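Residue numbers (our numbering), protein chains in the order written: chain A, 48 to 461; chain B, 48 to 461.
Honestly, the hints are just simulated from the structure, not real lab data. Treat the hints loosely; a few may be bogus.
[Said to hold, decoys possible] To give a feel for the contact side, a few chain B residues facing chain A, derived at Cβ under 7 Å: (1) 98; (2) 151; (3) 243; (4) 244; (5) 285; (6) 335; (7) 420; (8) 436; (9) 440; (10) 457; (11) 458.
[To be verified] Derived list of chain B stretches under chain A, where covered just means 3 residues or more per stretch with a C-beta under 8 Å from a C-beta of chain A: (12) 62–72; (13) 156–163; (14) 259–265; (15) 402–409; (16) 421–435.
All values reported here derive from a predicted model rather than from experimental measurement. A virtual CB, placed ideally from N, CA and C, is assigned to each residue, including glycine.
There are 2 protein chains.
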Amino acid sequence: MTTLEIMGANAKKASRFLMTAGSKKNAALLAVADALRAHCDEIIEANSADIKNGEDAGLTPALLDRLRLDKARVDGMAAGVEQVAALPDPVGRILEGKTLDNGLKIQKVSVPMGVIGIIYEARPNVTSDAAALCLKAGSAVILRGGKEAINSNTAIAKIMRDALKTAGFPEDCVALVTDTSRASATELMQLSEYLDVLIPRGGAGLITSVVNNSKVPVIETGVGNCHVYVDDSADPDMAAQIVFNAKTSRPSVCNAIETVLVHAAAADTVLPKIKAELDKKNVEIRGCEKTRAILGDSVIPATEDDYAREFLDYILAVRVVDSIDDAISHIAKYSSGHSECIVTSSYANSQKFTACVDSAAVYVNASTRFTDGGEFGLGAEIGISTQKLHARGPMGLNELTSNKYIILGDGQIR
Amino acid sequence: MTTLEIMGANAKKASRFLMTAGSKKNAALLAVADALRAHCDEIIEANSADIKNGEDAGLTPALLDRLRLDKARVDGMAAGVEQVAALPDPVGRILEGKTLDNGLKIQKVSVPMGVIGIIYEARPNVTSDAAALCLKAGSAVILRGGKEAINSNTAIAKIMRDALKTAGFPEDCVALVTDTSRASATELMQLSEYLDVLIPRGGAGLITSVVNNSKVPVIETGVGNCHVYVDDSADPDMAAQIVFNAKTSRPSVCNAIETVLVHAAAADTVLPKIKAELDKKNVEIRGCEKTRAILGDSVIPATEDDYAREFLDYILAVRVVDSIDDAISHIAKYSSGHSECIVTSSYANSQKFTACVDSAAVYVNASTRFTDGGEFGLGAEIGISTQKLHARGPMGLNELTSNKYIILGDGQIR
């Protein structure tokens, strides 16, 4: 057996323990949180090595910042684990049930997934966040982080495993793949004998690679080419505020918008208001010909590629459309299926947009930035699914469980 | 674009129509049913060509029987479509909802998948059954049946498409891949731009191939290595009746059992009763040494492979185990995760077995043969999922839908 196969078999064994661990999981999570705080210095020391390697490798200041851990961030990691411990147990919910005419009593009950694989990139806090969520959901987890954070991740995983062992749990409830070569990621995607689901967290390149190569069922997360459509009936000020918030409050995240579509009848009024807001943060506008005719030559001509891209930056594509149907067609063509918004005062158009736009979250008169597990009240989030199978939109603890049927009889045969 | 890409793009377009088709779907389904009856002779004529080709190719009588259509079977296909029309619409259910403190009203609503691919084998009635279920669930469907039934499938698909067109629906709501080469199946598995989910229906070889090669999310169905465990506290007669029913009432289906595990303390009493029942249908028993010591040399020695196999025949593996824990471990090692049963009179053991056995359906004192969409009251069934993502166990119309969040605001920003 390869190293990863052994890791998979051990995780599967640990997952059998977790299936019936019940509320003992909370005590184990609190022990993990305590251990993270107690070993804060070790974590920061390991992280220093990653930071030094990152500086030598010429990582950007933004990436170095995502990688860096200090006492406050380690404390935040521990607090995150404690928050997960405090959430309701997603396992053992009776989802539905009935008694059949033949007397069989059928229940559909939420159960752990088994073994969850997470492939992620630079941020080391994902190591404890993801492990805590999987544990609480009753599953063992195999983590495979990026090479930039390998020293931090190794230290964090060891501290978690030791704490679990002390708490009477199999340490293999949490495992870290320390080989950060591309080959180890590929092998993890083939580990269908042991892994029940694989969740990639990171950029579009990582996610596409996992979707295309995995034999393990995948939950696709996080790519967000999101839109605001400003209807001809929209309140222009509300439209400008929503566009400004959705674009600029945090441009690097997946629920930020990349394109605004404006109804032709509203364009003369609305576009200058939107531009006035965006100018406050020097947002670059790439617009269609009609947009440029209204806003002037400072607007860069938009290309086909601009509509298809996730800028994740202070750049916004703008297109004037002739109707709500054109807006819906544009979204169907270019959207990644994450979050879209209509700004409107028309009841009929609000109904049409929410019915016809096929994305995980469809808003009327609100910023797309609300697509988030915390904002939706899920308590915590493992990612935002942009696929239609299993979970769609923000995924909390419930989405990390499966279900089974339990059928109680007294000798029924068919 | 290739033929399949064009088919995919057309299906995607048709799926946009279906998203908001509402109860018009029922009228279209009834039109399809009428058309199947009206064109019964055409279907039977096309089927005759398949039967002749099958005879020439030396298909077994059992396979020829599965392939054959007559007036009664075509009528059954039409009746099946009518039954689907009569079921409640799985689209538009409000699954949950709440109002956040900031006034946003969030609803989680069931929506169509979009485009569903079905890869299946010999039986031509799957063509109308699967199409009807997908249509009712608001999704377009791309069907790719086996080469043995290509003439029948082509005739059935054409009749359905014509009927849909007459009913005012895009004919591309239903499409059939007429190229039955392995290459067309492989290309369908790569069609992730257009397909939202792919469901293989057939034998273990087909399903493994789809799981291993698909870039489209897959729902794994149907392989059933199912077990009955007879506890030391079991009623011996109930145990014998359940084993006999679960093995022999229809050995070729996935919810039939392949292995019986008997507690050592009950083996002397229970095994002869089980054998007496099984002898009525000449079931071949392959047993462990302890089984052979009790039942005699007519029992064939069981190999490791016998425990891992889905016989789908009048063959049963039998093993004597020392404890319920040994039974649970055996099932964890060999089961395909479909259906398992404990026969017991112990409350504690019933609780332990249902908690610790990780399969789609876990029974206490009832035959595994009840794992079926019809028996579970789902109204219809597209297959039985043995994976943990999205759906597990019998899949009805609800399991053919996805969901989205609709969020209503009045200008909220974050």
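Notebook entry, point to check: Is the shortest C-beta separation between residue 436 of chain B and chain A less than 7 Å?
Noted result: holds (4 Å)
Note to self: Can you confirm whether chain A covers the region 402–409 of chain B, using C-beta to C-beta distances below 8 Å and requiring at least three such residues?
What the structure shows: holds (count 7)
Check: How about residue 457 of chain B: closest beta carbon in chain A under 7 Å, or not?
Finding: Where the cut-off is 7 Å and the nearest Cβ of chain A is about 6 Å from residue 457 of chain B, the hint holds.
Notebook entry, point to check: With 7 Å as the cut and Cβ atoms as the points, is residue 244 of chain B at the interface with chain A?
Noted result: holds (6 Å)
Margin query: Given a cut of 7 Å on the nearest C-beta pair, is the interface hint for residue 458 of chain B held or broken against chain A?
Written below: holds (5 Å)
Item checked: Interface restraint verdict for residue 335 of chain B against chain A (beta-carbon cut-off 7 Å) -> At about 23 Å, which exceeds the 7 Å cut-off, the nearest Cβ of chain A leaves the hint on residue 335 of chain B violated.
Next item on the list: Please verify that hint: residue 440 of chain B, Cβ, nearest Cβ of chain A, below 7 Å or not.
Entry: holds (5 Å)
Check: Does residue 285 of chain B pass the interface hint, meaning its C-beta sits closer than 7 Å to a C-beta of chain A?
Finding: holds (5 Å)
Check: Does the region 156–163 of chain B contain three or more residues whose Cβ lies closer than 8 Å to a Cβ of chain A?
Finding: Three-residue rule met by the region 156–163 of chain B, so holds; n is 3.
Check: Are at least 3 residues of the region 421–435 of chain B within less than 8 Å of chain A when you compare beta carbons?
Finding: Our answer is that it holds, as 5 residues pass the Cβ test (under 8 Å) against chain A, meeting three.
Notebook entry, point to check: Should the hint that residue 151 of chain B touches chain A count as held when the rule is a Cβ pair under 7 Å?
Noted result: holds (6 Å)
Next item on the list: Using Cβ atoms only, decide whether residue 243 of chain B comes closer than 7 Å to chain A, and label the hint accordingly.
Entry: holds (5 Å)
The structure does not agree with the numbered hints 1, 6, 7 stated previously, though it agrees with the rest.
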